[in-house]
Amino acid sequence: MDRSNAVNTRLFNEDTSRRSWMAAAARSLLGVSLVGGIGPRHWQALAQAAEMTPPTGKAKSVIFLSMTGAMSHLETLDPKPGTSSAGATTAIQSRVPGVLVSELMPKLSYMLNGISLIRSLTTETADHEQGKYLMRTSYKPLNSIRHPGLGAWANHIHERANKHLPGNVLLGSSAGHPGAGFLPASIAPVPVPNSANGLQNTKSPPYLADDQFKRRMSLASQFDASFRSKNDSQLIDAYDQTVREAVRLMGSAELKVFDINAEKEQIRNVYGQTQIGQSCLLARRLVEKGVRFIEVEYGNWDHHADINKSCPKMVTELDNALSALLRDLSSKGLLDEVLVVLSTEFGRSPSINVNAGRDHHPGVFSGLMCGAGVKAGVFGKSDALGGSVDEDGVSHQDVNATIATALGLPLDQEFEAPNGRPFRICDNGQPIQAILA
Amino acid sequence: MRSCLLACAILFAAAFQIIFMSDIAWAQHRGKPKPSQQFRGYGLPEPVKHLPQKLPDVAPVEATRKGECREAARAIDNLVEANLKHLSIPINPVADDHVFVRRLFLDTVGTIPTLMETNAFASSMEIAKQETLIDTLLGSHGYPGHMLNYWSNILRILDRPEENILAYGYRDWVREQMRINRPYDEWVYEMMTASGKVWDNPAVGFTLRDNGMPLVHVDNTIRVFLGTQIGCAQCHDHPFDKWTQKDFYQIAAYTYGTQTKDDRAAAIDAINRVQTEMKRDDPDARLKATVEQVLEANLFRVAYDASSSMTLPHDYQYSDAAPLDHVDAKVLWGSVPSDAVDQSPREQYARWLTSSTNELFAKTLANRLWKKVMGVGLIEPSDDIRTDSPCENEELLQFLTEELVRLEFNQKEFLRTLFYTQTYRRESSNFDPSTAEFYHYPGPRLRRMSAEQVWDSVLTIATYNPYPYSLPGNERLRKVIDVDLATVNAKQAEAIGSEFDDSVSPAARFKSMCSAAYCGEILARSSELPSPLPADHFIRQFGQCDRETIEGDSTEPNVPQILTMFNGPFTHMMLEEGSVINDFLKRSSSSRDALDVMFLSILNRPPTSRDREIAMAELNRGDAAMGYGNVVWALINTREFLFIQ
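Protein sequence lines correspond, in order, to chains L and Z.
Position 249, counted from 1, in the first sequence is what this note's numbering calls 249; the numbers after and before it change by one each time, with no gaps.
Position 305, counted from 1, in the second sequence is what this note's numbering calls 742; the numbers after and before it change by one each time, with no gaps.
I should point out that these hints are in silico values taken from the structure, not numbers from a laboratory.
Note that beta-carbon positions come from the ideal geometry of N, C-alpha and C, so glycine has one too.
Treat each hint with caution, since some may be false.
[Stated by the list, open to error] With the Cβ distance kept under 7 Å, some of the chain Z side facing chain L (calculated, not the full set):
(1) 650
(2) 668
(3) 869
(4) 907
(5) 910
(6) 912
(7) 915
(8) 994
(9) 1071
[What the hints assert, rightly or not] Estimated spans, in silico, between C-beta atoms of each pair:
(10) Z/754 to L/88: 55 to 63 Å
(11) L/265 to Z/910: 53 to 61 Å
(12) L/391 to Z/620: 15 to 23 Å
(13) Z/489 to L/88: 25 to 33 Å
[As the list claims (entries may be wrong)] In silico DSS-like pairs for lysine-lysine, Cα to Cα no more than 27 Å straight-line:
(14) Z/809 to L/230
(15) Z/522 to L/230
(16) L/107 to L/309
(17) L/140 to Z/683
(18) L/203 to L/214
(19) L/203 to L/163
(20) L/256 to L/332
(21) L/309 to Z/683
(22) L/140 to Z/725
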């Protein structure tokens, strides 16, 4: 359970080119003082600075599957058959000799030889809100500041690969997503709560002549002038930026990417006509178009009661959706540049409670990564009962640092938040060098 | 000039027709229902087009307490002003009537005022017109729904916390507590101690909300009502606060014997018995899924067994006790009121928590309601109040806490006092919490409307009746589905199942709501819509809490909410035949009047001279109806519309 040792043994062997890039970038970026808020001008300056050759991350895009509500590792990626922790879950031999996964994941089990399975995730909180926040931002929630999610960081450092589409998309809708945090609202994830419906209300009614919309916008801004002259707030600015994003999207030639009805019924069925299935399919459509960061939410895994009643269906849906996504990305040649990650806020307890469920368990849990050249295999180990870390503990910060490295984000650089405090992209997270190519 | 304007008005109807004819194409494009042939739009649903029939009376403010409220309001102002003076921060000027009336409506009844309400207030010459309006609104029918929304976010109220827990009656019950203005300590106590099935005693919905998670429920309860977070201590001693794991188990021991569900075997037996009986008559007979659902729903019953013994977890790691040791109940601070010591542990716990001598109970609500009215809590976050939490104005919070106790937890009189302050009457200021500084209340804080306020305001502009349907209440639910699982037979079960389908099932409820459907949206107040709403509903886009996280609501922008305001059916709705604003537009005698109608209905202020010039230029472009459509669209797409000044 001694995590610090585990982390220290694999302290990163940063290559010198990356170090020197970062030093240059830091000099350049820190020249831009962010004190007093990050206005559009600062943002531009940062974007220009980022045009220097970034460290070579192999991932052009990331699909981050967040299993909200805390997915049981014991029912999915780290079953413990024959122990008191097993519950009713049966394990099967995967394609990797000696590695067992849940019987309900036959498809992923077959693909496991291409996946980096992480069985030693561990975190400090067993509270859903705090746990999800930590998973997404690498920081614990503070009252005075909201930290950016990793998707916002990715879009803050890198230019959009596709100028016509948002670079940050959330396929889901959970309350309390940190979004862009203290970074500009223009890079906050665009939420699509129902992937099967795609993005709604993207077109003006056809009876409006082309110039009408512009006129309407101009009227609105003129009527707003007296309010604006009296009131000034970051939230109003955030609205302005978001309005610009919405207008840009409405005019986008690429809007049809959000319509998964364009996919053959057969393809949709392979992913599964489920929330997670359709979201994975939409995520694939988005990475094809160069969207930088897509989070797919899937829940609720909070199986405090009757875990055998509700959990198996979700595991099966996940198995279908994720296996279809990986296979599809691979067949389209995209898996070299897309990193797929699966994680959850914390795990579930080895013991079954009086309500036939499992309670919150931050001690150890599982996740996986695949694509963008990450090495396949099993990283880290939980103990015999799946209760704590046995080898190579990995924190949410470490997972984020691994993703950030793959994306070529500067881990060591400090960014100043509006309150004057310095923050790094993944706090003190260290990339898992063993699985990075 | 005048005749030209009249002509404009006459042109209205004809030009609207043209707009809406092309809507047919739009409807087809979007897969929305086609309007009928003779109709010029989609048509507003009939029930929203007429003023509501009699709505239930709402407890009025107490006339005799006006003087007390004024006095307390003055005391509050003195504390705020002394603090501002000390800090050399100037006090904001008094807000004008239009800003005030809009703000007050939103803060009391959850919507902007109508054109008539705006004008009535602005033109009133009464000296104490603010107080009169405050009193009226706190006793009007918008108040319970607005407060229900407020508490729904805090209590995470869901219609069905689980598929077979039919807790609609719980939400109705909370709304009812707001309607009758039941003292806060009383309704909280009742929820915490209620037993029975939800249709017999809807207050059990509070316990059923966290069915199967008794320890999480304790954590939530303490957090919501005492502003204290002990959740970490469920697994280990709290790292930053004083709570130990033992403290957690000791407080949880009071409610340990609370059961939320009967033994499932009872339902399985009943289902098997009914099925066997059915198959005797017809071997191919199958039990409908809804019958099973109804039988399962009867399992959820809150019951308390005081003899259950709480033990420490098996992995308890501290030296003051051993794993699996028995835990005696003990409160976190203070003591159980002496007149409650003979009651059951569950009741003792509720008495301790809701007692006026438990300072944090009153303080948490005082801080919460201050935040609701002024926009920022004196202590933030309002559900994490520690002994060392920085407080903007200790003396003020102390005064508010004592005032709430003096008012015997009368939420309405307390709110009335806050609304009576000069502080509330001033112009708002922006406050950015990321500065990590305090807000000192030179006036209320500038806020974006809550998601529910945006929706309800949009409805106010268009509909006469935002309460267009009535759903079956708890009584009806009980009559239909309450059943004795030990004796139910096949005939009864089938009868119950079909009546359930026809009258009280989720599908039947939804069908009733659809009487108010317009372009796929149900035009009813947010407090009358299902909880939770689908994630892509307008109200959720604007940040309504999913009712999973405590106060998980947000006022942040996102692209879909902007797209909905741009391109959703709401501008249309406002220009439909029989909409409130359209009726006023039709009655207006000139474009000048029409402009007043549009500005006063949407932004609750008259147009400035500059606004008039801009709008007239738009209207004079030739196509008058299109021009009006554009102005209405532009007004609801301003920041000014979304923000509460």
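Results for each hint:
For residue 650 of chain Z, the interface hint holds, since its Cβ comes within 7 Å of a Cβ in chain L; the closest pair sits about 5 Å apart. Interface hint at residue 668 of chain Z: satisfied, since its Cβ lies 5 Å from the closest Cβ of chain L, which is below the 7 Å cut-off. At its closest, the beta carbon of residue 869 of chain Z sits 5 Å from a beta carbon of chain L; the interface hint therefore holds under the 7 Å criterion. A cut of 7 Å between beta carbons decides the hint on residue 907 of chain Z: the least distance to chain L is about 29 Å, and the hint is violated.
A cut of 7 Å between beta carbons decides the hint on residue 910 of chain Z: the least distance to chain L is about 29 Å, and the hint is violated. The restraint placing residue 912 of chain Z at the interface with chain L is violated, with a minimum CB-CB distance near 29 Å, outside the 7 Å limit. Residue-level restraint check for residue 915 of chain Z is violated (minimum Cβ-Cβ distance to chain L is 25 Å; threshold 7 Å). Because the smallest distance between the Cβ of residue 994 of chain Z and any Cβ of chain L comes to about 4 Å, under 7 Å, the interface hint for this residue holds.
Hint status for residue 1071 of chain Z relative to chain L: holds, with the closest Cβ pair at about 4 Å, below 7 Å. The given range of 55 to 63 Å is broken by residue 754 of chain Z and residue 88 of chain L, whose C-beta atoms sit roughly 29 Å from each other. For residue 265 of chain L paired with residue 910 of chain Z, a C-beta distance near 44 Å fails the hint of 53 to 61 Å. Between residue 391 of chain L and residue 620 of chain Z the C-beta distance comes to about 58 Å, which lies outside the given range of 15 to 23 Å.
At roughly 53 Å, the beta carbons of residue 489 of chain Z and residue 88 of chain L sit outside the given window of 25 to 33 Å. A distance of roughly 23 Å separates the Cα atoms of residue 809 of chain Z and residue 230 of chain L; the hinted pair therefore holds under the 27 Å criterion. Proposed proximity of residue 522 of chain Z and residue 230 of chain L is supported: the alpha carbons are some 23 Å apart, at most 27 Å. For the given pair, residue 107 of chain L sits about 21 Å from residue 309 of chain L by alpha-carbon distance, which is consistent with the 27 Å threshold.
Restraint check for residue 140 of chain L and residue 683 of chain Z: satisfied, since their Cα atoms lie roughly 25 Å apart, inside the 27 Å limit. This hinted pair checks out: residue 203 of chain L and residue 214 of chain L have alpha carbons roughly 13 Å apart, not beyond 27 Å. Simply put, residue 203 of chain L and residue 163 of chain L have alpha-carbon atoms about 19 Å apart, close enough for the 27 Å limit, and the pair holds. For a cut-off of 27 Å, the pair hint linking residue 256 of chain L to residue 332 of chain L stands: about 19 Å separates their Cα positions.
Between residue 309 of chain L and residue 683 of chain Z, the direct Cα distance comes to roughly 32 Å. Violation of the 27 Å bound is thereby established for this hinted pair. Of the pairs offered as hints, the one joining residue 140 of chain L and residue 725 of chain Z is violated, with about 48 Å between alpha carbons and a cut-off of 27 Å exceeded.
Hint compliance for this structure: hints 4, 5, 6, 7, 10, 11, 12, 13, 21, 22 are not met, and every other hint is.
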